[in-house]
Amino acid sequence: MESNCMLTIQKVLLGLGLLLFSSLATAQADTTALSVDLSEITISDSLPAVEAQGQTLDAALGGFTPLSELLSDRSTVFIKSYGLGSSATISLRGGSASHTQVLWEDIPVTNPMLGVTDLSLLPTQLFSAIRVDSRGSSSSIGSGAISGVISVAGARPSEAGWLSELQLGVGSFGARSVGLTVGQLSVKELDQRQETFSWTMQPYYHRADNDFTYQLVNTARQQMHADYENRGVQVGMDKQLGRSQFSFNYWVQQTDRLLPPTSTQNFSTASQYDFFHRVRVGFRRVGKLGSFKSVVAYFNETNDYSDPERLEYGENNFEKYFHSSTLERAVWAGKFTVKYEGTHIEGQSLSYLENRNTYKQFALYGALEQIIGGLQVAAGLRREWNNIATPPLIPSLRLGNMHPVHHWYLQLSREYRVPTLNELYWTPGGNLELQPELGWNREGGYTYDDQQTRATVSVYDRSVDDWILWIPQDGSFRWSPTNVAEVTSRGWEVSLRHKRNLNNVQLYAEGSHAYVYSVHRSDVPAQSIVSGDQLIYTPRHRARANVGLICGGVALDWNTNYTSGVSGVNDNLDGYVLSDLRLSGKINLLQVLETQMVFTIENIFNQSYRVVERRPMPGRYFQVQWTFKI
Amino acid sequence: MGGRAQTLSDFESVLTEMDTFLNGSDGSGGFEVGNVFLNNVYDTEFEFWSGWAISNKTDVTTPGFTNQYSCIAGSGVNGSSAYAVTFVNQNCLLSTVNAAESGVVNGFYINNSTYTYLSMQDGDAFAKKFGGEEGTDPDFLYVTIKEKGDRDKGDSLNVFLADFRSDNSADDYILDEWTYVDLTIFENVDTLTFEMHSSDVGAFGINTPTYFCMDNMETADMGTTAVEGDLSSQTSQPYLYPNPASTIVRFSEPVSGVEIYDQLGQLIQATDHHARGQSVEQWDLSDLSQGAYRVVLKGRKGEILIKNLIRI
Numbered sequence: 011m012e013s014n015c016m017l018t019i020q021k022v023l024l025g026l027g028l029l030l031f032s033s034l035a036t037a038q039a040d041t042t043a044l045s046v047d048l049s050e051i052t053i054s055d056s057l058p059a060v061e062a063q064g065q066t067l068d069a070a071l072g073g074f075t076p077l078s079e080l081l082s083d084r085s086t087v088f089i090k091s092y093g094l095g096s097s098a099t100i101s102l103r104g105g106s107a108s109h110t111q112v113l114w115e116d117i118p119v120t121n122p123m124l125g126v127t128d129l130s131l132l133p134t135q136l137f138s139a140i141r142v143d144s145r146g147s148s149s150s151i152g153s154g155a156i157s158g159v160i161s162v163a164g165a166r167p168s169e170a171g172w173l174s175e176l177q178l179g180v181g182s183f184g185a186r187s188v189g190l191t192v193g194q195l196s197v198k199e200l201d202q203r204q205e206t207f208s209w210t211m212q213p214y215y216h217r218a219d220n221d222f223t224y225q226l227v228n229t230a231r232q233q234m235h236a237d238y239e240n241r242g243v244q245v246g247m248d249k250q251l252g253r254s255q256f257s258f259n260y261w262v263q264q265t266d267r268l269l270p271p272t273s274t275q276n277f278s279t280a281s282q283y284d285f286f287h288r289v290r291v292g293f294r295r296v297g298k299l300g301s302f303k304s305v306v307a308y309f310n311e312t313n314d315y316s317d318p319e320r321l322e323y324g325e326n327n328f329e330k331y332f333h334s335s336t337l338e339r340a341v342w343a344g345k346f347t348v349k350y351e352g353t354h355i356e357g358q359s360l361s362y363l364e365n366r367n368t369y370k371q372f373a374l375y376g377a378l379e380q381i382i383g384g385l386q387v388a389a390g391l392r393r394e395w396n397n398i399a400t401p402p403l404i405p406s407l408r409l410g411n412m413h414p415v416h417h418w419y420l421q422l423s424r425e426y427r428v429p430t431l432n433e434l435y436w437t438p439g440g441n442l443e444l445q446p447e448l449g450w451n452r453e454g455g456y457t458y459d460d461q462q463t464r465a466t467v468s469v470y471d472r473s474v475d476d477w478i479l480w481i482p483q484d485g486s487f488r489w490s491p492t493n494v495a496e497v498t499s500r501g502w503e504v505s506l507r508h509k510r511n512l513n514n515v516q517l518y519a520e521g522s523h524a525y526v527y528s529v530h531r532s533d534v535p536a537q538s539i540v541s542g543d544q545l546i547y548t549p550r551h552r553a554r555a556n557v558g559l560i561c562g563g564v565a566l567d568w569n570t571n572y573t574s575g576v577s578g579v580n581d582n583l584d585g586y587v588l589s590d591l592r593l594s595g596k597i598n599l600l601q602v603l604e605t606q607m608v609f610t611i612e613n614i615f616n617q618s619y620r621v622v623e624r625r626p627m628p629g630r631y632f633q634v635q636w637t638f639k640i
Numbered sequence: 007m008g009g010r011a012q013t014l015s016d017f018e019s020v021l022t023e024m025d026t027f028l029n030g031s032d033g034s035g036g037f038e039v040g041n042v043f044l045n046n047v048y049d050t051e052f053e054f055w056s057g058w059a060i061s062n063k064t065d066v067t068t069p070g071f072t073n074q075y076s077c078i079a080g081s082g083v084n085g086s087s088a089y090a091v092t093f094v095n096q097n098c099l100l101s102t103v104n105a106a107e108s109g110v111v112n113g114f115y116i117n118n119s120t121y122t123y124l125s126m127q128d129g130d131a132f133a134k135k136f137g138g139e140e141g142t143d144p145d146f147l148y149v150t151i152k153e154k155g156d157r158d159k160g161d162s163l164n165v166f167l168a169d170f171r172s173d174n175s176a177d178d179y180i181l182d183e184w185t186y187v188d189l190t191i192f193e194n195v196d197t198l199t200f201e202m203h204s205s206d207v208g209a210f211g212i213n214t215p216t217y218f219c220m221d222n223m224e225t226a227d228m229g230t231t232a233v234e235g236d237l238s239s240q241t242s243q244p245y246l247y248p249n250p251a252s253t254i255v256r257f258s259e260p261v262s263g264v265e266i267y268d269q270l271g272q273l274i275q276a277t278d279h280h281a282r283g284q285s286v287e288q289w290d291l292s293d294l295s296q297g298a299y300r301v302v303l304k305g306r307k308g309e310i311l312i313k314n315l316i317r318i
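Heads up: the protein sequence lines correspond to chains Y and F, in order. Numbering of the first sequence is given in my numbering, commencing with residue 11 and proceeding in unit increments. Numbering of the second sequence is given in my numbering, commencing with residue 7 and proceeding in unit increments.
Since the hints were made in silico from the structure, they are not lab data. Don't take every hint at face value.
[Unchecked claim] Okay, the calculated bits of chain Y under chain F, using three or more residues with CB under 8 angstroms as the criterion:
no.: 1; stretch: 220 to 230
no.: 2; stretch: 271 to 284
no.: 3; stretch: 382 to 390
no.: 4; stretch: 435 to 441
[Said to hold, decoys possible] Partner residues are not named here, just some residues of chain F that face chain Y (Cβ under 8 angstroms, in silico):
no.: 5; residue: Asp49
no.: 6; residue: Phe54
no.: 7; residue: Pro69
no.: 8; residue: Phe71
no.: 9; residue: Thr72
no.: 10; residue: Gly129
no.: 11; residue: Glu140
no.: 12; residue: Phe210
Cβ coordinates follow ideal geometry from the N, Cα and C atoms, glycine included.
Could you build all of it, start to finish, from the sequences and the hints given here?
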């Protein structure tokens, strides 16, 4: 069996080059996949019969890399990365980085001072579930979800007993990592009700020198001052007693990184320190007619910048108190949901004026979902009050069918983003008169999924007014955020995936493409913006092709990405193609210890490219990861 | 006809302490020094200044915004302590007042601020080092001086603070010495404006820090002042002859000092300091390239006269 497997692998490898952009193979379907899981996950607040658009990423593909690299490699979103170990933010459907909300255990973790999430600070290895939901979600999620939502959740034991897993990794440019996942799931049957208790603890450490060599026109240069060190622990506990469930999550992380010079800078002495505590406590009770869920969370996060050569220092900290309670009740042919949400944030910064640093928010959300004539209709309405810039009513309406193979949907929704603390309070420049960014989103999609072949297509048309940009003020050269821009974003996302078995080999292939037309509808002379200009750092095209095979304990995966050129702040950047190769193998030792080794070559063709001008990116590099499971 | 009296604004009397600066935080709205007024706008809410500041800071090594008040020379002209520094924008205005109002501004000395100089030399997170990634980019930074109200017409003067445009990289330079700028092309000056131009421009404007430093602003007082001496007591204007000249130019009367500047205001030749105080009656032009020059003649009693000279 094993020799047949190897022969089959050889045959497939010979033709691998022809399969780079192929989306079909010729074998029986098999739903088992070691490295690829593109199945949909139903959003918890939707009816079970409705599959939502989106993409679920397999965290195992990311290894010890941050979430930013996994998203860039395995999806068609655009990640604006400043380099290995440097900050990275997302542009989804032509929106800015502040238009994608990031949820950890259903709690928004977007930095309220900056309005963005640095995805380079999220270690992929911590998460068991990573989902990209590219649709307007302001009504249900709140501010900052204009383009969509990224949801991450920690590991959970899925089988009764102990869970223990050790991960070790090494890689190019001095990369070395260690991670541990331990946990337990216990199940008891008491008086015809089930009691379960599970816990997991995940300490981790990762560091890298990031001293890669990059090519200029006539010379090569080595990246300097780019050390990255990240450490932390994530803890999760769940206790289910009958129909009640209690949960506790805690995540502490410290990141130290040196900020490298640009390609037009002789040296840098800058560094950045990030530290956070995130605590979440949740309760859920499911009854015959509905459910009640309540969550409280506390975040304390610090972001400090230091440049001793330039005598520039920044110290930024915020505390966030968050509470939400959700009641769902079966009504007619569906359910009714009402949610209360409250947030209190206090920001501290050397650049904030005294007594100008708080954000207080209270919101009510109601949604009615019904099945009418085989169609699911969901209408939601959000009303928010805050102490800065209260948005109007935020409605949403979604219509879709419930066919398990052929599914379509339509959505109309209002979207918004309230100003960030920096936009309001930064000195100089902060603008207390700012209003929320407001817009409308129209989209629709179709999915075909027969468990072997999955094809999706979605189109969207979104307009956002009062888009906030920093511009110099009349009569002064002081820059200040202003509701000045009007942006229209249109595009489509298509993907095709197929998998099947050939003898004992599972084969899969996927192709996807995203087209983004995101332009200003009016001139903004202060930023040299002319009506019709594509937003900066917003590529028109992102495409991806992925093929792979799994045979026994061996898996081979080839992934190629294309990103079209963009306009930057200082220069225009050319498009680029990046390809990665991933080889993994599992071995069971003495039927007790399961070992897996993953070898990855990134940028296998050593492509020279830039995502942000003057910010070098690495050529070819490798990673090796060992996982030991007991 | 006699020469006009000259007034030198050297800013030495503005500051009373060393290693300090005035940026308008006292609400003064500007600085009147000699016969010039340097405009200043100070935002009291955000503690932010624009226009002109007066400084005697000496830090020539610290990069970045926190060292925005220093001159790369570490001092004013000829080792003096104080000078003016400006962050170029629409508030960067220089007006003639008192005896020089609507009169002649002879010139001033210009230099780079430490902040701008080091940014061009080493680059920073926002601005490129001049020459770019491999030292070959044709970068430049210059100031355009105009009379207010003549932004789109009239005389203008470009003064380079850095120039990497030459094909010979040995000619690349970033100004780090006080350099004279001749402003006599402007007549009847009320207010001068300054605009910065850089090759490093992005969507948000110029990336290079738009600062420069000024010292020893010289104005000619309006009206006639009779001063005994060779230059001023003559009933006719002294003159250079022949003009144009090829090898030797002579002065109609002896002078105590001669300075020759090119069209960019850079000092090319000057009287040797050993010879100062002695009479000079002619000047050897054989080391000068063909072209137009400004000749500054200093009379025996300190009077200043500026003449155009063509070297053929």
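Evaluation of the provided hints:
1. Check on the stretch 220 to 230 of chain Y: 4 of its residues sit with their Cβ under 8 angstroms from a Cβ of chain F, so the three-residue criterion for coverage holds.
2. Check on the stretch 271 to 284 of chain Y: 9 of its residues sit with their Cβ under 8 angstroms from a Cβ of chain F, so the three-residue criterion for coverage holds.
3. Only residues whose C-beta sits within less than 8 angstroms of a C-beta in chain F count toward coverage, and the stretch 382 to 390 of chain Y has 0 of them, not enough to reach three; the restraint is violated.
4. Under the rule that three or more residues need a Cβ within less than 8 angstroms of chain F, the assignment of the stretch 435 to 441 of chain Y holds, with 3 such residues.
5. Using the Cβ-Cβ criterion of 8 angstroms, the hint placing F/Asp49 at the interface with chain Y is satisfied: the shortest such distance is roughly 7 angstroms.
6. Hint status for F/Phe54 relative to chain Y: holds, with the closest Cβ pair at about 5 angstroms, below 8 angstroms.
7. Checking F/Pro69 against chain Y: minimum C-beta separation of about 5 angstroms stays under 8 angstroms; hint holds.
8. A cut of 8 angstroms between beta carbons decides the hint on F/Phe71: the least distance to chain Y is about 7 angstroms, and the hint holds.
9. Interface hint status for F/Thr72: upheld, as the beta-carbon distance to the closest one in chain Y is roughly 4 angstroms, under 8 angstroms.
10. Interface hint status for F/Gly129: upheld, as the beta-carbon distance to the closest one in chain Y is roughly 4 angstroms, under 8 angstroms.
11. The beta carbon of F/Glu140 is positioned within 8 angstroms of a beta carbon in chain Y (closest approach about 6 angstroms), and the interface hint is therefore held.
12. A least Cβ separation of about 6 angstroms between F/Phe210 and chain Y falls short of the 8 angstroms threshold, and the interface hint therefore holds.
Hint compliance for this structure: hint 3 alone is broken.
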